[in-house]
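**Student:** Sequence:
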Amino acid sequence: MMFIAAVKEELGDLRGASVGIGPVRAALGAARLLAGIRPSAVVLVGTAGAYPGGPPIGSVVVARHIGLSEGIGELGLGYVPLAPGPITTDDTLRRRAGLPEFDVLTVDAITTDRALTLARAACWQVEHMESWSVAAAAEAAGVPFVALLGITNEVGPDAHAQWLANRGAVESAVRDAARALLGDS
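If you want my numbering, it's the 1-based position in the sequence shown plus 315.
Careful, some of the hints might be misleading.
[Unchecked claim] Computed spacing ranges between beta-carbons, pair by pair:
no., residue 1, residue 2, range
1, LEU392, ALA495, 39 to 47 Å
2, PRO399, ILE336, 14 to 22 Å
3, ARG353, ARG494, 19 to 27 Å
4, GLU324, ALA437, 29 to 37 Å
5, ASP491, ARG429, 31 to 39 Å
6, PRO396, HIS475, 32 to 40 Å
7, GLY337, ALA437, 22 to 30 Å
8, GLY351, THR427, 33 to 41 Å
9, PRO371, ARG410, 21 to 29 Å
Rather than coming from a laboratory, the hints here were simulated on the basis of the structure.
Just so you know, even glycine gets a beta-carbon here, dropped at the ideal spot from N, CA and C.
Let's have the full structure, built from the sequences with the hints guiding it.
**Tutor:** Printed below as a string of structure tokens:
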């Protein structure tokens with residue numbers, strides 16, 4: 316089992332690799348890693364924000380379905396031909412994690428606009444910047460995938476301040492959940 320995070324700080328003492336921040340860097344980093352090895356599974360660990368009605372700050376969740384934001388298409392300012400559909404994470408890994416399951420939207424920038432936050436909350440519960448990209452790389456490599464995400468903030472204008480205040484404790488909780496998935500806890 317291989318642990319992946321956007322940055323090494325999210326991995327802490329977990330053995331794994333960082334792939335970079337944001338959907339493009341994460342996709343390239345994960346594809347590069349998976350091209351050279353074939354782990355039994357890929358587990359993405361990280362911090363995320365909750366849309367209104369989503370999980371509470373401080374909770375650790377497992378991603379069920381992961382979508383990719385269509386950016387300007389969501390705003391009605393353009394369209395995306397052949398937009399990629401959501402990716403469903405591995406059922407066995409989700410059950411083994413034993414965590415609440417939520418649907419995650421991968422975005423290219425942290426959402427701070429209230430109207431966009433509410434629009435996205437109609438279909439998604441969690442926002443994260445790398446999940447879809449790592450899931451797509453794992454899917455292309457034929458490797459089971461799951462994401463364990465700790466909720467550090469509510470999506471919206473106060474997200475960064477909340478992330479700063481909560482990230483240490485939440486990153487630790489995510490690592491504990493990852494160790495439990497391994498059976499090392």
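**Student:** Output the indices of the hints that this structure fails to meet, ascending.
**Tutor:** none
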